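Just so you know, we're using the working numbering here: the sequence shown kicks off at 1 and counts up by one.
You may find that some hints are simply not true.
Unchecked claim - Taking lysine to any residue and the SDA-like style, the derived pairs with C-alpha atoms no more than 20 angstroms apart in a straight line are:
| # | residue 1 | residue 2 |
| --- | --- | --- |
| 1 | Lys276 | Leu261 |
| 2 | Lys218 | Ile254 |
| 3 | Lys290 | Ala251 |
| 4 | Lys360 | Ser129 |
| 5 | Lys252 | Gln294 |
| 6 | Lys144 | Ile254 |
| 7 | Lys45 | Trp27 |
What the hints assert, rightly or not - Estimated spans, in silico, between C-beta atoms of each pair:
| # | residue 1 | residue 2 | range |
| --- | --- | --- | --- |
| 8 | Glu66 | Arg172 | 36 to 42 angstroms |
| 9 | Glu66 | Lys45 | 25 to 31 angstroms |
| 10 | Gly283 | Thr179 | 26 to 32 angstroms |
| 11 | Ser217 | Glu237 | 35 to 41 angstroms |
| 12 | Arg83 | Arg280 | 19 to 25 angstroms |
| 13 | Asn118 | Arg181 | 37 to 43 angstroms |
For the record, the hints were derived by calculation from the structure and aren't laboratory data. All of these numbers come straight from a predicted model, not from anything done at the bench. Positions of the beta carbon are idealized from the N, C-alpha and C atoms, including for glycine.
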Amino acid sequence: MVGYEEGEGVYWVVSLPVLGGSREATWDAVQQNTVYAQDLSSNFKLNVPESLRVGTLDSLLELSDELVRDTSAIEGTCAKLRRQCLEHTGGGASSRGRGGQDEDNGYMHHDDEGGVVNLISEDATAVESFEWNEAKYPSNRPLKEAVERIMEGVHRTDDALKVKLSEFSNVRASLAAVTRRSAGSLAVREIGTLVKEEDYVSTENLCTCFVVLPCGSKKEFIKTYESWSSFSFITNEGRSAHISTAVPRSAKVIAEDKDYLLVRVVVFAKMVDNFKTAAREKGYQVRDFKFDPQAQEEEHESMESMKTEAKEIEQQLVEWSITAYKEMLGCWMHMLTIRIFVESILRYGFSPNFQGGGVKT
Numbered sequence: 001m002v003g004y005e006e007g008e009g010v011y012w013v014v015s016l017p018v019l020g021g022s023r024e025a026t027w028d029a030v031q032q033n034t035v036y037a038q039d040l041s042s043n044f045k046l047n048v049p050e051s052l053r054v055g056t057l058d059s060l061l062e063l064s065d066e067l068v069r070d071t072s073a074i075e076g077t078c079a080k081l082r083r084q085c086l087e088h089t090g091g092g093a094s095s096r097g098r099g100g101q102d103e104d105n106g107y108m109h110h111d112d113e114g115g116v117v118n119l120i121s122e123d124a125t126a127v128e129s130f131e132w133n134e135a136k137y138p139s140n141r142p143l144k145e146a147v148e149r150i151m152e153g154v155h156r157t158d159d160a161l162k163v164k165l166s167e168f169s170n171v172r173a174s175l176a177a178v179t180r181r182s183a184g185s186l187a188v189r190e191i192g193t194l195v196k197e198e199d200y201v202s203t204e205n206l207c208t209c210f211v212v213l214p215c216g217s218k219k220e221f222i223k224t225y226e227s228w229s230s231f232s233f234i235t236n237e238g239r240s241a242h243i244s245t246a247v248p249r250s251a252k253v254i255a256e257d258k259d260y261l262l263v264r265v266v267v268f269a270k271m272v273d274n275f276k277t278a279a280r281e282k283g284y285q286v287r288d289f290k291f292d293p294q295a296q297e298e299e300h301e302s303m304e305s306m307k308t309e310a311k312e313i314e315q316q317l318v319e320w321s322i323t324a325y326k327e328m329l330g331c332w333m334h335m336l337t338i339r340i341f342v343e344s345i346l347r348y349g350f351s352p353n354f355q356g357g358g359v360k361t
């Protein structure tokens with residue numbers, strides 16, 4: 001027996017020895033004992049080509065060991081492809097929990113048009129309606145050739161999946177990096193999307209500073225920022241006078257989150273470094289920023305382009321994974337059929353009389 005566990009329940013691909021009577025009689029007996037009498041399983045016939053070549057005992061023993069390894073490899077590839085089908089939808093959200101009776105088990109994938117790919121149905125079709133592909137794997141050729149051809153397809157699919165996953169991961173990482181710059185705490189995020197043109201002052205004598213401070217420090221900041229530093233000048237009357245580095249009452253809260261405030265302060269240009277130094281000495285963070293509408297628009301367009309690209313690549317990954325999954329299910333069933341044939345000969349002898357079958361429990 002060879003197990004195949006996917007979707008709902010477990011499939012067992014089995015070899016039933018014909019001990020007296022005919023294959024039909026053997027099959028009827030299995031049906032009577034497992035379905036009609038006790039309802040233990042649902043069964044279906046597996047038609048193993050009678051023209052499969054037996055070869056020598058040594059070649060069968062060698063092939064038997066390889067089949068265990070190769071079957072496991074195909075199972076791993078199917079699992080990886082299935083995971084891609086279930087983890088993604090065209091919109092980038094999980095396919096679970098979006099309605100439909102089977103979705104809670106993660107077996108249904110929604111495409112952009114609202115269509116549904118039922119992976120349980122794909123499993124059932126691949127196993128219960130299996131037909132040997134004579135054009136692709138001629139049954140009159142040595143079994144080792146069929147195994148090698150199957151594994152060539154599996155390795156190609158594995159390599160292609162790695163490339164597609166790498167491509168998607170790179171785009172997603174780039175998008176995440178851009179998103180982090182425009183989200184998160186005010187202490188670390190880009191502030192370009194928060195600052196409006198009317199909040200920014202830049203002339204020959206005035207410039208704008210942006211200060212990040214804890215929410216609890218707002219009162220203290222507003223009360224003291226005008227007195228942090230000052231500079232002297234000579235009036236028209238020839239007297240010496242002092243004025244605050246910060247323009248009085250120029251402080252304005254631009255944005256806030258649960259921890260921090262972003263405050264705009266207009267400062268005399270020639271004394272801006274003094275103001276920044278004073279702010280940092282008091283434990284506040286000064287964010288360097290130059291208002292550039294064109295750069296902000298380009299950054300926004302770049303982010304939207306990345307989102308579109310990531311969505312397209314993800315959808316292509318899902319569509320390719322579904323197609324590849326169906327193909328790998330076929331490879332898996334061909335490999336299981338060969339394995340059943342080889343193990344039946346090793347168990348029953350070189351003139352095997354057996355009925356291949358599938359049992360779903």
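Go through the numbered hints given earlier and state which of them the structure violates, listing their numbers in rising order.
5, 6 and 12
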